[in-house]
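S.K.: Chains as they are written, first to last, in our numbering: chain A, 192 to 545; chain B, 192 to 545.
Don't take each hint at face value.
Repeated chains share a single entry, so a pair holds when one copy, or any two copies, can fit it.
[Stated by the list, open to error] Simulated pairs of lysine to any residue, SDA-like, Cα-Cα distance not exceeding 20 Å:
hint, residue 1, residue 2
1, Lys315, Pro247
2, Lys337, Ala381
3, Lys194, Tyr270
4, Lys222, Asp478
5, Lys336, Ser353
6, Lys194, Glu281
Everything labelled a hint here was simulated from the structure, so no lab data went into it.
What you are looking at is a predicted structure, and each value in this text was computed from that prediction instead of being measured.
2 protein chains.
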Amino acid sequence: MKKNIAVILGDGIGPEVTQQSIKVLDAVAKKFNHEFHYRYCLMGADAIDKTGSPLPDETVTICLDSDAILFGAIGHPKYDNDPTAKVRPEQGLLKLRKSLQLFANIRPITTYASLHHLSPLKAKNLEGVDFVIYRELTGGIYFGKKELSDDKLQASDDCVYSASEIERIAHLAFQHAQKRRKKLTLVDKANVLETSRLWRRIVQEVAVQYSDVAVDYMFVDNASMQIIINPKQFDVILTENMFGDIISDEASVLSGSLGLAPSASVGSAVALFEPIHGSYPQAAGKDIANPVGSILSAAMMLDHFGLTEEAQLVRDAVNWTLQHGFVTKDIDAINSYSTTTIGDLVRDYTENKI
Amino acid sequence: MKKNIAVILGDGIGPEVTQQSIKVLDAVAKKFNHEFHYRYCLMGADAIDKTGSPLPDETVTICLDSDAILFGAIGHPKYDNDPTAKVRPEQGLLKLRKSLQLFANIRPITTYASLHHLSPLKAKNLEGVDFVIYRELTGGIYFGKKELSDDKLQASDDCVYSASEIERIAHLAFQHAQKRRKKLTLVDKANVLETSRLWRRIVQEVAVQYSDVAVDYMFVDNASMQIIINPKQFDVILTENMFGDIISDEASVLSGSLGLAPSASVGSAVALFEPIHGSYPQAAGKDIANPVGSILSAAMMLDHFGLTEEAQLVRDAVNWTLQHGFVTKDIDAINSYSTTTIGDLVRDYTENKI
Ligand SMILES: [Mg+2]
Ligand SMILES: [Mg+2]
Numbered sequence: 192m193k194k195n196i197a198v199i200l201g202d203g204i205g206p207e208v209t210q211q212s213i214k215v216l217d218a219v220a221k222k223f224n225h226e227f228h229y230r231y232c233l234m235g236a237d238a239i240d241k242t243g244s245p246l247p248d249e250t251v252t253i254c255l256d257s258d259a260i261l262f263g264a265i266g267h268p269k270y271d272n273d274p275t276a277k278v279r280p281e282q283g284l285l286k287l288r289k290s291l292q293l294f295a296n297i298r299p300i301t302t303y304a305s306l307h308h309l310s311p312l313k314a315k316n317l318e319g320v321d322f323v324i325y326r327e328l329t330g331g332i333y334f335g336k337k338e339l340s341d342d343k344l345q346a347s348d349d350c351v352y353s354a355s356e357i358e359r360i361a362h363l364a365f366q367h368a369q370k371r372r373k374k375l376t377l378v379d380k381a382n383v384l385e386t387s388r389l390w391r392r393i394v395q396e397v398a399v400q401y402s403d404v405a406v407d408y409m410f411v412d413n414a415s416m417q418i419i420i421n422p423k424q425f426d427v428i429l430t431e432n433m434f435g436d437i438i439s440d441e442a443s444v445l446s447g448s449l450g451l452a453p454s455a456s457v458g459s460a461v462a463l464f465e466p467i468h469g470s471y472p473q474a475a476g477k478d479i480a481n482p483v484g485s486i487l488s489a490a491m492m493l494d495h496f497g498l499t500e501e502a503q504l505v506r507d508a509v510n511w512t513l514q515h516g517f518v519t520k521d522i523d524a525i526n527s528y529s530t531t532t533i534g535d536l537v538r539d540y541t542e543n544k545i
Numbered sequence: 192m193k194k195n196i197a198v199i200l201g202d203g204i205g206p207e208v209t210q211q212s213i214k215v216l217d218a219v220a221k222k223f224n225h226e227f228h229y230r231y232c233l234m235g236a237d238a239i240d241k242t243g244s245p246l247p248d249e250t251v252t253i254c255l256d257s258d259a260i261l262f263g264a265i266g267h268p269k270y271d272n273d274p275t276a277k278v279r280p281e282q283g284l285l286k287l288r289k290s291l292q293l294f295a296n297i298r299p300i301t302t303y304a305s306l307h308h309l310s311p312l313k314a315k316n317l318e319g320v321d322f323v324i325y326r327e328l329t330g331g332i333y334f335g336k337k338e339l340s341d342d343k344l345q346a347s348d349d350c351v352y353s354a355s356e357i358e359r360i361a362h363l364a365f366q367h368a369q370k371r372r373k374k375l376t377l378v379d380k381a382n383v384l385e386t387s388r389l390w391r392r393i394v395q396e397v398a399v400q401y402s403d404v405a406v407d408y409m410f411v412d413n414a415s416m417q418i419i420i421n422p423k424q425f426d427v428i429l430t431e432n433m434f435g436d437i438i439s440d441e442a443s444v445l446s447g448s449l450g451l452a453p454s455a456s457v458g459s460a461v462a463l464f465e466p467i468h469g470s471y472p473q474a475a476g477k478d479i480a481n482p483v484g485s486i487l488s489a490a491m492m493l494d495h496f497g498l499t500e501e502a503q504l505v506r507d508a509v510n511w512t513l514q515h516g517f518v519t520k521d522i523d524a525i526n527s528y529s530t531t532t533i534g535d536l537v538r539d540y541t542e543n544k545i
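Isolated chain A, as found in the complex (with noise of 0.2 Å):
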């Protein structure tokens, strides 16, 4: 298989857990006998410190023309800190989104036996936890009509979701359903919003097409409540934008550590994946960050092209270096190797050197 990779190294500790990515999916390729091409190209503090622009168009004509983009992380405490800043890195990112018409976000939720000390939830609460969560990402509250009265004494936000954008997802998230335990979760508040009503019935409309998934509905403070309580009963989460802000998030906590946890953003065209983790300046260039959480999201990457087995192999070797104590100063600051170490390791691993 033939693949062009856009590569968006962006800011911070972006660059060198991106690397290591680069590194493991060369390894893929080379046992697997693909090619992978990958176009540099800038976004974020990066781009505006080169071009004066957090996105220029060439990035965006790159990344049209490819087949995914590989991101590693955006931001810089010195366009934060600097009120009179007229651009700052992260409009990029969202610019990016926007061109690309990325609509779902898409978060696993793993969690690791040989970490579970690091996490804040017992270790009983977290065997067998293992989800992912379908966020809609263009719609909703967040992208609702805005309003201040004159008086500036009145405040309003429009939540509004047609069946289209609930549907394109609704669809992907069933599809993942079908390739994993079948169960999906509807999370909304349908005793209470008219949109959430209207998810309600769309997915059941959607469901149909899908019969050998089963479907459940939970009210969002519920599954708050639940995600700590009993995490394991979850298997696909599909839920509208604000609800999903808040939800992946909370998961996020479960495994212990966010530079382990990858994500997706899918469009109608080409898709990205990048950590969930920041730009983490200060550890930017010390060879320290954990690049796990970039290493998953290639992995992530290779199950979009439909290269199951080699993604699953990724995860191996991620699984491997884990397990066997190879890991970052954030998972452990007494034992800990570098990014670059890590990176050889899965490498190896994937080499079938190890």
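Fit chain B with the ligands to the given chain A structure using the hints.
M.R.: This is chain B with the ligands only, laid out in the frame that chain A set:
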């Protein structure tokens, strides 16, 4: 002090848990020389069975004419499972909240060292956790205009807040913070929502009158993480209706049992005190329900009357029972005590008989 208390025993386990609170309140009255007069009234399934209405007019009259309302629980499966039912028990509570204009829901989150083993969180994350959530209860997206397009393919929910709605609950929350550790955290999504920006501005304005209280601001997605990874950072949380619904339910699991948690709903007139648990009809009449949620709600009522010493004594009594293993079977299935026994012990401790 002389107080008239409207008592709504309600449905399911409501009567038996509320009766324990009355015993404890009587002990407080005796010890501190107060007079509490109880006026019993009907609401919920019990009221439907006896009067045909989930909230008889007489109940509203008695409540409005009382100094506080002590309420048990509402709901019965015979109405839930009957789609033809024209009246539902829960309508009674919604209508009462509206009649009393209860605009603030207050939920203390406490953890107990002797119950750490019941919590989904590790003990080290639970130590020193003691915060209160102020949730706005009458505005926001739950009560905004709801629309479904004629073709039923688009739905919307409007989220609206006015400055005065924010001000009145902000004052309550700041006043409570002054009596506690003097920290208030506003949970919002001010980076995205216009209503959140209004909340932030009004809270900043109100804060000027409470210069001894430190204020910070947290986005709701971050708050949903922080409640799990570092809950002891919080003192008073103030938030809008839907965010409060989600995070107060999330936080309620920290203690390890919903049976322990009290709540208050405060308005411009009379306030209502109730445990957060439901009517649990399967346990009704068996003398096995946990009365602690109701007893601690009665303690909140004492605080509301300004009887802080009395309230603290009741809490001390509850702590004593929990520490000594006097618990109902939801807490310890093997060594458990009856609802009545726990009520007796809390009463006896309150009367200095223990
Ligand atoms: Mg978020
Ligand atoms: Mg709730």
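S.K.: State the violated hints by number, sorted upward, taking the hints as numbered earlier in the document.
M.R.: Going through the list in order, the structure violates hints 1, 3, 4, 6 and respects the others.
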